[in-house]
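We have chain A already, so just place chain B on it with the hints.
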Amino acid sequence: MFILTVCGMGFGTSLMMLMEIQDMAKRNGFEVEGEATDLSSSKGKACDLIVAGSEIASEISSETTVIPIYNLLDKQEFENKVLPKIREYFDAL
Amino acid sequence: MLSFITEILSTPSLTLGIITAIGLIVLRKSGSDIIKGTLKTIFGFIMLQQGSSIIVSSLVPFSQMFENAFHLVGVVAEDNAIAAAVQTVLGIETSFILLFSFLINIVLARITKWKYIFLTGHMMFSFAATMAITLDQMGIHGGKAILIGSSIQGVCCIIFPAAAQPFVRKVTGNDNVGFGFWGSSLVCAAGWAGGKLGNKEHSSEDINVPKKLDFLKEMSILMGIVMMVIYILTSFFVDKDVMAELTGGQNSITFSVIQASTFVVGILVLLQGVRMFLGELIPAFKGISEKIVPGAKPALDIPILYSFAPTATTIGFLCAVIGGLGATLISTMLPTVVLPSVIGLFFMGGGAGVIGNSIGGRRGAIIGGLLLGFLFQLIVALAYPIIGLEGYGIQGLWFASTDAIIVVVLMRLVGLLFGISI
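So the protein lines, in turn, are chains A and B.
Going by the numbering used here, the letters in the first sequence line up with residues 1 to 93, in that order.
Going by the numbering used here, the letters in the second sequence line up with residues 1 to 422, in that order.
Only chain A is shown next, with the shape it has when bound in the complex (with noise of 0.2 Å):
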């Protein structure tokens, strides 16, 4: 599964995004792989799902399901909303 990490400022917070996500995918038994990329950047990537800062999660338009997530730094809304989506990706398979 391809997760595409995006935050507005391009500085890197995508990145922890990214790195939360693989240890909490990776907890539950999943190996997610993913990028991370600033809003310029992350138009036309081919990706399964997108997990971006709710600040800019609304300037996104894609096909793809995006998940704004409001608080960086919490594990449970991590958990909360992007879980259940690589469950339902690999439930899929």
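It should be emphasised that the hints constitute simulated quantities derived from the structure, not laboratory data.
Beta carbons are placed, not taken as given, at the ideal position from N, Cα and C, and that holds for glycine.
Treat the hints with care, as some may be off.
Unchecked claim - Cβ-Cβ distance ranges computed for the label pairs, FRET-style:
1) 59(A) <-> 205(B): 16 to 22 Å
2) 332(B) <-> 44(A): 41 to 47 Å
3) 80(A) <-> 248(B): 54 to 60 Å
Claimed, not checked - The following residues of chain B were derived to be distant from chain A, with all beta-carbon distances above 12 Å:
4) 119
5) 168
6) 306
7) 389
8) 391
Chain B alone, transformed into the frame defined by chain A:
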């Protein structure tokens, strides 16, 4: 054979690639992950260097324009561009200071009660380069520079996050994450001062910011607009024939727009490069620190604060721009004019706004932002004479990170005691 090894170690892209590879091997990653990670680190680093040359080449005509127009030196505060630009001469020192300061950070976190692991990659990199530059200016190179630079950086990785933590706790409501940002001292101080003058009852989050301003959240757009305005305005004051020579006959407005855009493109390429090379290095570092330091607290980049008070972030940024412009105007009376550094004002202003709001509501955010913008630019203007970057072929750029500037000034003062003149 020895010269081959030395050559590899003298090429920062390859050295960092090796460091990443070692980190990934230690973490028992798969063979394909190790190859991917290593190559991405190398590509990312070279991309960063390319971005840097684009930035520097677009700033050269601008410095000439500014000099001719106002008879002053115009400077933009941007650490990453400086760091990238000196890699050809200080790449080794930078790479090893980056590595050893991280190791010293881990050791200090392990043996003291301050468990902060500084993980904001691009800042680890730019601080290492700043150490290398400062020591180089003081006549210290090679192994000695690496030793001194890593020690100073390693200690700073603990001290600054520790100092900022009370404010982070107040904003985030928890103590699991720290603030790893070379500007944290000013952001916290400005936020605190603004907060003291504010009213906690009126939170900034109760205000609605018009959606139409949302496009400004995309940094490249914001920077593009600001730089174009600066370039075009400056071009109006340049002698006609000097202008004609710079543009090669092109219309000065078209020229300005293209040059300003080229600058932004350079930043975008550089950032993409940074993201790529750090995208492999930082997870490796994080993995290693977690194994060695129980209870490690990652000290992370400033955007962690934004989601706790998004409106305060915007208010803080807008006020920082106003404060910054004030400092720019004052700096016109000094030999060096510090032009509005959009990146710094955005990130730091936003942070000061959030902290200001947590202590003193919307007024806290506003005053915090104003103070931040003003002081941030002013400090750059005042500290500028301490380090000269022309020797590295850099024009029109200077350091932005307030904490790094404070450390550099202290280093220079200590140097005076040892007879190293400024």
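Results of checking the hints against the structure:
1. Take residue 59(A) and residue 205(B): their Cβ atoms lie about 20 Å apart, and the range 16 to 22 Å holds.
2. The hinted range of 41 to 47 Å is satisfied by residue 332(B) and residue 44(A), whose Cβ atoms lie roughly 44 Å apart.
3. The hinted range of 54 to 60 Å is satisfied by residue 80(A) and residue 248(B), whose Cβ atoms lie roughly 58 Å apart.
4. Not every CB of chain A is more than 12 Å from the CB of residue 119(B) (nearest about 8 Å), against its label as outside the interface.
5. Residue 168(B), annotated as away from the interface, has a beta carbon of chain A within 12 Å; the closest lies near 10 Å.
6. Distance check on residue 306(B): its Cβ comes as close as 7 Å (rounded) to a Cβ of chain A, failing to clear the 12 Å threshold; non-interface status is violated.
7. Distance to chain A confirms residue 389(B) as a non-interface residue, since its nearest Cβ pair spans about 22 Å, more than 12 Å.
8. With a least beta-carbon separation of about 28 Å from chain A, residue 391(B) lies farther than 12 Å from that chain, consistent with its non-interface assignment.
The structure shown violates the earlier hints numbered 4, 5, 6.
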